[in-house]
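Asks: Hey, can you work out the whole structure from these sequences and the hints?
There are 2 protein chains.
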Amino acid sequence: MPHSLTHENGKMGLGVLRFSTNEICCVIDPDHKGKNLKALTGIDKSIPIVSDLQEAVQLHANALILGIAPSGGRLPDTWTKPIEDALTAGFLVVNGLHDKLADKFSYLLSNPKNKGSVWDVREVLKEYTIGSAKANKLKNKRILTVGTDMASGKMTAGLLLNEKLLQNNFSSSFVATGQIGITISGQGIPLDAVKVDNAAAAVEDEVMSRQKFDHIIIEGQGSLGHPGSTATLPLIRGSCPTHLLLCHKIKETHLKNPVSHIPFPDLNRFIKMNEEVASLCGVFKRPNTFAISLNTHGLTKVKADQLIEEIQHKTGIFTSDIVRYGAQGYLTTLEKS
Amino acid sequence: MPHSLTHENGKMGLGVLRFSTNEICCVIDPDHKGKNLKALTGIDKSIPIVSDLQEAVQLHANALILGIAPSGGRLPDTWTKPIEDALTAGFLVVNGLHDKLADKFSYLLSNPKNKGSVWDVREVLKEYTIGSAKANKLKNKRILTVGTDMASGKMTAGLLLNEKLLQNNFSSSFVATGQIGITISGQGIPLDAVKVDNAAAAVEDEVMSRQKFDHIIIEGQGSLGHPGSTATLPLIRGSCPTHLLLCHKIKETHLKNPVSHIPFPDLNRFIKMNEEVASLCGVFKRPNTFAISLNTHGLTKVKADQLIEEIQHKTGIFTSDIVRYGAQGYLTTLEKS
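The listed protein sequences correspond, in order, to chains G and S.
Counting along the first sequence from 1, when you hit position 27 you're at 154 in the numbering used here, and nothing is skipped either side.
Counting along the second sequence from 1, when you hit position 240 you're at 367 in the numbering used here, and nothing is skipped either side.
With beta-carbon atoms standing in for the labels, derived distance ranges:
hint : chain 1 : residue 1 : chain 2 : residue 2 : range
1    : S       : Ala278    : G       : Ser464    : 33 to 41 angstroms
2    : G       : Lys383    : S       : Lys165    : 49 to 57 angstroms
3    : G       : Gly169    : S       : Lys441    : 49 to 57 angstroms
4    : S       : Lys172    : G       : Gly313    : 55 to 63 angstroms
5    : G       : Ser336    : S       : Thr459    : 47 to 55 angstroms
6    : S       : Asp230    : G       : His440    : 52 to 60 angstroms
7    : G       : Pro385    : S       : Ser464    : 28 to 36 angstroms
8    : S       : His381    : G       : Lys383    : 39 to 47 angstroms
9    : S       : Thr459    : G       : Lys264    : 41 to 49 angstroms
10   : S       : Ser244    : G       : Lys266    : 50 to 58 angstroms
11   : S       : Lys441    : G       : Lys227    : 46 to 54 angstroms
Simulated from the structure, these hints should not be mistaken for lab results.
Even glycine gets a Cβ: it sits at the ideal position worked out from N, Cα and C.
Replies: Right, dumping it as structure tokens:
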């Protein structure tokens, strides 16, 4: 979408670029037209950057993914025209915002002449009841990614670990719980859009539907420590995790804007708190925080390595940067634990 | 509503009977027509029990509160006719179920001849953003009721403590977060129906709107320990409680059906876990679990007193039964802490 391939709101587009197994024709971003994707984003794929939908049509694109999540998750007015054009041109428009395009563009979608369609990824499609800790009885490994903050790399860590497990012929399934993970994997639950009453059951249903896998990787959302975040609790209760993978941005000392007055908690206490909540004071089996992924993006290798070692020493837990150094160390540690 | 004044699904009706300051003409329950309310329920009010809406009309009733919450929160088919009759007779119908009566009975409500109306208590009326721990900066006492299980007396304890504070001329406000509390107090947030993304902000908004009060009593929902419950986390983050009041059903050893295979956690560990989550490992001020309300309903006074003493000894925290022995001890303890 127009603007901001390099803006932090571009998480949706970057996630799809990095992980989607569908062919990606091009990126639409007039600010960066013609530039090199790898140089801009670090994503090692040769995908052209074009300036508008018409160029995308010429490259035989047939789906438009809204790659930017503006603050508040609402559709900006300036997006109306490009989406209208895409729907008229017969595109599938993939939307991860809270706003439902199926409602907003019903005047186009109801016209049989238009072959365009809409996938509102955050739409809750099922009715859920109340969670009852069914997953606690499963015998497989259920690995939940948890974070000290929002946007600390939980989805990326989960996807990379799942990919590595599959490459090594392990039985594994990734449970997407946010719009990006769902867009990438084609299934999952838009947990943020589920009602509080049904959130734990939504996670539980999804985990139970994958019970035949030896490993279930559950995409974490938010943080038990973030004042705006609720999702971690139903993720813990719904998945009854056996393992936690903690994601932490080492460059930061405080939560992200607009709560940047709130410092991160002490890592060791935070790890214990997550485990104590998950084990419900000993009622369930205590999950093992088997590894930490430090997000060392933007640091030199020397500095990154030093901080990784510091955190590993402080916590006594295997620590690396899963994006920088890959998932092999995580797989080895997981299988030993 | 027909049947079940004495059934545990009747929580909504019993809560309104016990606490509403609006005049209550009668209870409709054909199974108990003509019986004595106090003998049946322990509620010391002389309100007649009648068998149908026609009798309520003769008593000049003008509002019908659906007093029963069936499992799953869905409207039973057998209720359609009485609700139609009430709306046709010009009643306000107060509905705490997830189903929206405004939609279901739109064919009646849209007819200008009918003067009946509907209050769907669980409808989320505001748009919320993301919580940011604003309440942490307030200087008042924020007392959150928490429980070891669902339906362990959190609303009742909060209402009784608020009532006692007001009787003693303290400045206090009760924040209702469930359909019964909202129906009784006329305001609040239907937290169970809010999306996960906005739950903490919903609580925060409501608490901030009461910031002029020296005491804010926040009605707890569910439990950090219940596998189907999500609401406690946004309640903690949104209210930034300074005090916790723990509610516990002493007759039980396990959670309620359908999770009755899950034992209650050790009380001392559970109390610490709630405090540790609320203080976010020391980032926020640690709330003080200043008191415990044991639900000793159905036990002899001797047995109740013995259990109260045992729990107080085990936890070192002031313990009583706020329903059986009143709120004075809680007020005294709160003001000292």
